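Each chain, written out:
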Amino acid sequence: MTFRTKLLVVSSLTVAGAIALVTGVVSVASRRAFERVDQERRRVLLDQFERELEAQGHELDTKIQRVAASPELLRIAIEAERRDADFSPFNDDARLLAEAQALDFLDILRADGVIISSAHYPAKFGYKNDWLLSPGDPAMSKSFLTRVALREGAAVALASERAVSAGENRVYAGGGKRIDSAFLAGLGLAPGVRPLLWLPSGEVLDAKGPVGDAWKLSPLIDQLKRSGKECSAVIRWQADAASAESIVALPLERGGSLLGALLVATSLREQIGLERSILWTGVAVAAGGILLGVLLGWWTTARVTRPVAELVSGVQAVAGGDWSARVRVSSHDEIGALAEAFNRMTEQLIEQRDRTVQAERVAAWRELARRLAHELKNPLFPLQITIENLQRAREQHPDQFDEVFRESTGALLAEVRNLKTIIGQFSDFAKMPKPEMESVDLNALIQEVLKLFDAQFHTPGGPSIQPVLELAASGAVIEADPLQLTRALRNLILNAMDAMPKGGTLRIRTSRVDGMARIEVEDSGQGLSDEECARLFTPYYTTKQHGTGLGLAIVQSVVSDHRGRISVRGEQGRGAVFTIDLPVGGAA
Amino acid sequence: MRLTRSQFVAVSSCLFIACAPAAAARRPRYGGRLRIETSAVVTSLDPAVAQPGSFDLATKRRILGSVFETLVRLDEKGEPQPWLAASWTHDPTRHRWLFAARPDVTLHNGAKWDPPGGVVAVDDRRPIEDILRGLANPQNAIVVRGPDGVLLGTGPFRIAEWRPGQALRLEANDSYWGGRPYLDAVEIRMGRAKRDQSIDLDAGRADVVEVAASEVRRVQQRGGRVVLSAPVEVLALVLDAAPPGLERALLLAVDRAAIYNVLLQRTGVISGALLPNWLTGYSFVFPANMDIARARELAGKQAVTFQYDQQDPMIRSIAERVALNAGEAGVTLRPVAGGPAAVRLVHARLSTAEPGPALVEIAAAFDGQAPRVSSADPAQLYAAESGVIASRRIIPLFHLPAAVQIGANVRGWPSRNAGIDRWPLDEAWVEDRAR
Chain E
1 MTFRTKLLVV
11 SSLTVAGAIA
21 LVTGVVSVAS
31 RRAFERVDQE
41 RRRVLLDQFE
51 RELEAQGHEL
61 DTKIQRVAAS
71 PELLRIAIEA
81 ERRDADFSPF
91 NDDARLLAEA
101 QALDFLDILR
111 ADGVIISSAH
121 YPAKFGYKND
131 WLLSPGDPAM
141 SKSFLTRVAL
151 REGAAVALAS
161 ERAVSAGENR
171 VYAGGGKRID
181 SAFLAGLGLA
191 PGVRPLLWLP
201 SGEVLDAKGP
211 VGDAWKLSPL
221 IDQLKRSGKE
231 CSAVIRWQAD
241 AASAESIVAL
251 PLERGGSLLG
261 ALLVATSLRE
271 QIGLERSILW
281 TGVAVAAGGI
291 LLGVLLGWWT
301 TARVTRPVAE
311 LVSGVQAVAG
321 GDWSARVRVS
331 SHDEIGALAE
341 AFNRMTEQLI
351 EQRDRTVQAE
361 RVAAWRELAR
371 RLAHELKNPL
381 FPLQITIENL
391 QRAREQHPDQ
401 FDEVFRESTG
411 ALLAEVRNLK
421 TIIGQFSDFA
431 KMPKPEMESV
441 DLNALIQEVL
451 KLFDAQFHTP
461 GGPSIQPVLE
471 LAASGAVIEA
481 DPLQLTRALR
491 NLILNAMDAM
501 PKGGTLRIRT
511 SRVDGMARIE
521 VEDSGQGLSD
531 EECARLFTPY
541 YTTKQHGTGL
551 GLAIVQSVVS
561 DHRGRISVRG
571 EQGRGAVFTI
581 DLPVGGAA
Chain V
1 MRLTRSQFVA
11 VSSCLFIACA
21 PAAAARRPRY
31 GGRLRIETSA
41 VVTSLDPAVA
51 QPGSFDLATK
61 RRILGSVFET
71 LVRLDEKGEP
81 QPWLAASWTH
91 DPTRHRWLFA
101 ARPDVTLHNG
111 AKWDPPGGVV
121 AVDDRRPIED
131 ILRGLANPQN
141 AIVVRGPDGV
151 LLGTGPFRIA
161 EWRPGQALRL
171 EANDSYWGGR
181 PYLDAVEIRM
191 GRAKRDQSID
201 LDAGRADVVE
211 VAASEVRRVQ
221 QRGGRVVLSA
231 PVEVLALVLD
241 AAPPGLERAL
251 LLAVDRAAIY
261 NVLLQRTGVI
271 SGALLPNWLT
281 GYSFVFPANM
291 DIARARELAG
301 KQAVTFQYDQ
311 QDPMIRSIAE
321 RVALNAGEAG
331 VTLRPVAGGP
341 AAVRLVHARL
351 STAEPGPALV
361 EIAAAFDGQA
371 PRVSSADPAQ
381 LYAAESGVIA
391 SRRIIPLFHL
401 PAAVQIGANV
411 RGWPSRNAGI
421 DRWPLDEAWV
431 EDRAR
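Each protein sequence line maps, in turn, to chains E and V.
All the letters of the first sequence, read from the start, carry residue numbers 1 to 588 under this note's numbering.
All the letters of the second sequence, read from the start, carry residue numbers 1 to 435 under this note's numbering.
Calculated directly from the structure, the hints in this document are not laboratory data.
A quick note: this is a predicted structure, and the numbers were derived from the prediction, not measured.
Cβ atoms here follow ideal geometry from the backbone N, Cα and C, with glycine treated the same way.
Watch out, some of these pointers could steer you wrong.
What the hints assert, rightly or not - Negatives, chain V to chain E, calculated, CB over 10 Å:
(1) 77
(2) 224
(3) 360
To be verified - Straight-line alpha carbon distances no greater than 35 Å define the calculated DSBU-like cross-link-like pairs of lysine-lysine that follow:
(4) E:502 x E:451
(5) E:377 x E:208
(6) E:208 x E:128
(7) V:301 x E:229
(8) E:128 x V:112
(9) V:77 x E:128
(10) V:301 x E:216
(11) E:434 x E:451
(12) E:142 x E:6
(13) E:434 x E:377
(14) E:377 x E:502
(15) E:225 x V:194
Stated by the list, open to error - Just some of the chain V residues that point at chain E, by a computed CB distance under 8 Å:
(16) 126
(17) 219
(18) 225
(19) 258
(20) 261
(21) 269
(22) 311
(23) 312
(24) 315
(25) 317
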């Protein structure tokens, strides 16, 4: 990542972070505001619930009073005064009275609490009532909440009870109104708030009837059962988060037992809508801020990083070999000082390079002069001795002069040829021709070159060299100049033979490595040190007594002209291996 | 105070004149129509065609009893009496019986009923008592198919209009051999709920309606005229797929006395038998006592499905009480609206006074399979009934009478219904409503 990109990212993140922070703060503030409104709504609902209970309780008291004053109850009370009271004819009275007074529940009880007649559960006559107050309970004067067991399940009811007497024995009439959907519908609440009623049967009602997916309330109800205190939860009814409601469960109790629960559900639709609006506004502002930040950052960072980028370009140019690269100094700050330092550095580098080239050139000329002097001095000394012998023989032994002349001229000619050879080598190295490419079968070429050395490998009395060929089965055809390649191979073989004065094994291998044709020439001679390996291809460098130091330099020149690579590895006493890698397609 | 002769004559004349209209009101009157409503649904009037449903079958037989007559009829005591057959005799082997046809009997189309030789031959090896009871069965009524395919009978009423499953209109048979009935017509509406029937009676839209046994006492307390039959309905629990041993637990758990006293308002009879005592004489042998502690030991905790007719208020209240009792014993009877259930509360009706066929009918009504009852001998009948109760896992609870409420203008309807197989339409008459 570039410095400029980093600057851009940092600036963009800063803008986005700031906007996210603002969005979060606004969201939290709005949520708290909604919660305050919810609490207010909930309090209003609870007040309304209690008022409705009180109002319906008054109405219920009146109805039960009417039941207690009815002729049917009087007849039952009179029957209760008889020794062998028979209540069976009154079994249907509770139903008729309940219908007359529009009561959901009505039980007529004996003094011992046994049901004489039941409106909502006619079959329960003779059983003990379990949802009204005990006879003589002081709370009987006003309505109360209770749970009524039904044939299937149970209901929560607002109940009231009265005693009737026609003598000594009392009978009781206890009736109730079901706390159900109709009751909830009568509460009349603010929009967004709905009361729910959880019944012990597991049923959950709202003002319209049974609530679907009531099982989602189970964790809340379980919590209420455990704690017995008000508790709350957020219930999401559908996949859409806007369907969520914040529900507070309030226990409806009597005598410490849980009769049911009033659930106040507040829709979170508005809150979630506002939060979404804030969120999306935040996202939009953040996106705009980031875009603006990117544009401004782009412009700003461009101004800040341009000198740095120029410096980088200059450094890259220098690294690529262009030492003349310069950087524009456009400021007087640290970046400007850096640019000036860079420019100074490149100038010094150029000066240093020129000095080095000059020094190397002088050294090369000295080496060339030394080598020339050395190479030319060797044949010159025999020439001088021979000529002086000729002069001495003419002066001192004229009779033997002809013989001496013949021998001396032979020697002179040999030395002159030697001089020409030396000069020719220097000339060849100076004038290496451009390779002329054609398809060359490396294996065939190597075999032909080796034939040239057959006689030398097996010279009687000379060192015995055993050539070993390990040629690749295929892929040895490359584009190359056969003459130059022959020359390079010949130099390598000569070099190997020189390295094995006492004989040895010469291995020549061909192979295909990484798409290149590889030739390896290995000898079992005296080997090379690391330093020799490093300098071996330097012109005029030789480890031999009479070498020109140009053989391997020529080899390297040929390989280089073919866009190939040459390397050498070896250890003292363990021979050396020269490796040539040539492109199959030849020099481009 | 002493009256002179003239004074006595004057007072007597005034009294005669004053009492004359009242006496006339009690005299049978010819004319009028009787409107009967029933909850049963009869789909065919052909005696040979089977009628599913014991209540529907009984109603069909009661209708057909006034249209198609049998050679023999059972009297109030259940004894066979000559009817279309004036007398009967047998061959020496007593395997062939010859019933001499009543001579002055005509069919509904006016043709004379004249069996070949004036006799009806019956080949039957059973004792004559069994043969006579069989011949008294409305299923064996004399039915003649007319040339146009119409079924012709000899009874006091003939079919005037027939809408299967809905309504039937009978008209008086003027040439009835026993004398023309008082009523001109009888109209029967079928498939009416008992509550609707009661409303129709109060509103003057019906003259005879059915009354549930549980309502008999209340109707009577309101001054209604209720005619009860002998106990001909059976209420029982049938355990179809309940765990073993449950029938014993339920038998001991159900508080029959409380149901009888309160829900049935002391109408009917508590019974542990399938057939009523008046039919067999031994129903008290079957146990019907409650022992809730023992029931609890036998039942353990279990829950099974429970099916009953939830549309019938009497059945529903009894079923709920049974479920309460069972709950006390630890058995939860969970009501189901339809489909198979482990326990059913079944209500069936006898349509014959023959014990053997009655047992077959009741058993078939309870589980759809008719047992084989070979003889009317009490010992064999008891064995058969015990076998049915044990093998079919039936817990009989009550025997209930069939009850009808009679309108105030209906006369001649016996206060105790004579037979279980016909309405006494030939004896009934209606007062003039205009009066």
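Hints versus structure:
With a least beta-carbon separation of about 32 Å from chain E, residue 77 (chain V) lies farther than 10 Å from that chain, consistent with its non-interface assignment. The beta carbon of residue 224 (chain V) is kept farther than 10 Å from every beta carbon of chain E, the shortest such distance being approximately 15 Å. Non-interface status of residue 360 (chain V) relative to chain E is upheld: no Cβ of that chain comes within 10 Å, the nearest being about 33 Å off. For the suggested pair residue 502 (chain E) and residue 451 (chain E), the alpha carbons sit about 21 Å apart, so the restraint of at most 35 Å is met.
A C-alpha spacing of about 125 Å is found between residue 377 (chain E) and residue 208 (chain E), which places the hinted pair above 35 Å, so the restraint is violated. With a CA separation close to 34 Å, the supplied pair residue 208 (chain E) and residue 128 (chain E) stays within the 35 Å bound. With a CA separation close to 34 Å, the supplied pair residue 301 (chain V) and residue 229 (chain E) stays within the 35 Å bound. For the hint pairing residue 128 (chain E) with residue 112 (chain V), the CA-to-CA distance comes to about 69 Å; that exceeds 35 Å, so the pair is violated.
Using a Cα cut-off of 35 Å, the hinted pair residue 77 (chain V) and residue 128 (chain E) is violated, with the two alpha carbons roughly 46 Å apart. Of the pairs offered as hints, the one joining residue 301 (chain V) and residue 216 (chain E) holds, with about 31 Å between alpha carbons and a cut-off of 35 Å not exceeded. Simply put, residue 434 (chain E) and residue 451 (chain E) have alpha-carbon atoms about 26 Å apart, close enough for the 35 Å limit, and the pair holds. For the hint linking residue 142 (chain E) to residue 6 (chain E), the alpha-carbon distance of about 78 Å lies beyond 35 Å, and the restraint is violated.
Taking the CA atoms of residue 434 (chain E) and residue 377 (chain E), the gap is near 32 Å; set against the 35 Å cutoff, the hint holds. For the suggested pair residue 377 (chain E) and residue 502 (chain E), the alpha carbons sit about 28 Å apart, so the restraint of at most 35 Å is met. With a C-alpha separation of about 47 Å, the suggested pairing of residue 225 (chain E) with residue 194 (chain V) is violated against the 35 Å cut-off. Checking residue 126 (chain V) against chain E: minimum C-beta separation of about 46 Å lies over 8 Å; hint violated.
The restraint placing residue 219 (chain V) at the interface with chain E is violated, with a minimum CB-CB distance near 12 Å, outside the 8 Å limit. The beta carbon of residue 225 (chain V) comes no nearer than 19 Å to any beta carbon in chain E, farther than 8 Å, and the hint placing it at the interface is violated. Because the closest C-beta pair between residue 258 (chain V) and chain E is about 5 Å apart, less than 8 Å, the hint holds. Checking residue 261 (chain V) against chain E by beta carbon gives a least distance of about 5 Å; that is within 8 Å, so the hint holds.
Because the smallest distance between the Cβ of residue 269 (chain V) and any Cβ of chain E comes to about 16 Å, over 8 Å, the interface hint for this residue is violated. Taking 8 Å as the C-beta contact cut-off toward chain E, the hint placing residue 311 (chain V) at the interface is violated, the least distance being around 16 Å. Below 8 Å, beta-carbon pairs count as interface contacts, and residue 312 (chain V) has none with chain E, the closest being about 13 Å; its hint is therefore violated. Contact between residue 315 (chain V) and chain E, as hinted, is not supported at the beta carbon level, the nearest pair being about 11 Å apart and thus beyond 8 Å.
Evaluation of the residue 317 (chain V) hint against chain E yields a held restraint, the C-beta minimum of about 5 Å falling below 8 Å.
In this structure, the earlier hints numbered 5, 8, 9, 12, 15, 16, 17, 18, 21, 22, 23, 24 are contradicted, and the remaining ones agree with it.
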